[in-house]
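A.B. asks: In order, the protein sequences belong to chains A and B.
My numbering applies: residue 1 is where the first sequence begins, and numbers increase by one.
My numbering applies: residue 1 is where the second sequence begins, and numbers increase by one.
These aren't lab readings, by the way, just hints derived from the structure by calculation.
In this text, all values refer to a predicted model and were calculated from it rather than measured experimentally.
One or more hints might be untrue.
Identical copies look the same in the list; a pair holds intra-copy or inter-copy alike.
[Claimed, not checked] Pairs of lysine to any residue, SDA-like flavour, derived with a Cα cap of 20 Å: (1) K13 / D83; (2) K59 / T92; (3) K107 / E8; (4) K46 / T27.
Number of protein chains: 2
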Amino acid sequence: MSAVRPDELDWEKMGGLIPVITQEADTMEVLTLAYTDNEALELTLKTGYAHYFRRSHGKVMKKGVTSGNVQKMVDILVDCDNDSLIFLVNQTGPACHLGERTCFHRKLLPHLSSKAERTFMGSLSRSELD
Amino acid sequence: MSAVRPDELDWEKMGGLIPVITQEADTMEVLTLAYTDNEALELTLKTGYAHYFRRSHGKVMKKGVTSGNVQKMVDILVDCDNDSLIFLVNQTGPACHLGERTCFHRKLLPHLSSKAERTFMGSLSRSELD
C-alpha cells in the first residue's frame, strides 16, 4: 500500500477543507462524516487524537474535548483523488452528540415502500396513491 | 431505528449536494465518498442502483454505467444532522476506477515516523531532524 503526504492532498477542491469518514477500527462501523483542514490534520497527527474543523463552530476542535468521547487514531487512509480521508479510530463512549454510538443511527425511508416516499418520488400519479 | 424522508435532508448546506459514504454491506468496507443531489437520490431509490452527482462531469451518473461495476442498493442511513448519507451496497467488481476494490487503498504517511512528515508538521526544529 503506497503512502501519501499531507501536502499532496487536494486542499483546494473544497476551499481548504477535506471530508473525513471516521470508522471504528475494531468493527469498521462508520461513526461520523466531518471535515479537516490543515491545522486539524496537523493536530491529529501530532497528538494521536482526532481533531476536526467544525463548520458549525468555525474552528478546529478536538473530538470529545467537552464530552470526553475522544477518538484515538489508529490509521489514516486516502482516496484515489486525494480529496477525502478515512480516520480509523478507537472511539471512547458514543460518537454522536445525541448519545448514540454512531451519528448514522437512522434510515432513509424504505425504498418505495410508503405513500410519503412515493409522493416525494413523483413516480406515481395521485390516483395510484389513493 | 427511526426513519427520515428525503425532503427532510439538508440540501442547502452544500448547495444542493449531500456527501455519500458508500460501504460494501457484506464487509462494511468503505468503497467511495461521493455526492448525491435530489435527482441522483431519486434515481437511486427508483432503480435500486446507486447514482451519484459526479462533480468532475457536472451531471448525475449511474455508478458503473460504463465499467459495469454497479452498486446494488441494500440500505441508506442518515446522520444526525441530516447532511450526510451512507449507501450500503453490494458492489459488482472493483469500486475504484484504478481497478482497486476501494478508492481508499493508500495510507497517509505514518504518524511522525518519517523526516518528510516531521518537516510538514513543523513541530521539530531543523537541528532535531538531522
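A.B. asks: Next, verify each hint and record whether it holds.
C.D. replies: Comparing the hints with the structure gives:
With identical chains, the CA atoms of K13 and D83 are at most 20 Å apart both within one copy (7 Å) and between copies (19 Å). With identical chains, the CA atoms of K59 and T92 are never at most 20 Å apart, being 22 Å at best within one copy and 40 Å at best between copies. Taking the closest pair of Cα atoms, K107 and E8 come within 20 Å of each other only across two copies (12 Å); inside a single copy the shortest separation is 35 Å, beyond that limit. Taking CA atoms no more than 20 Å apart as the test, K46 paired with T27 passes in neither setting, with 25 Å inside one copy and 31 Å between copies.
Violated hints, in rising order: 2, 4; the structure is consistent with all others.
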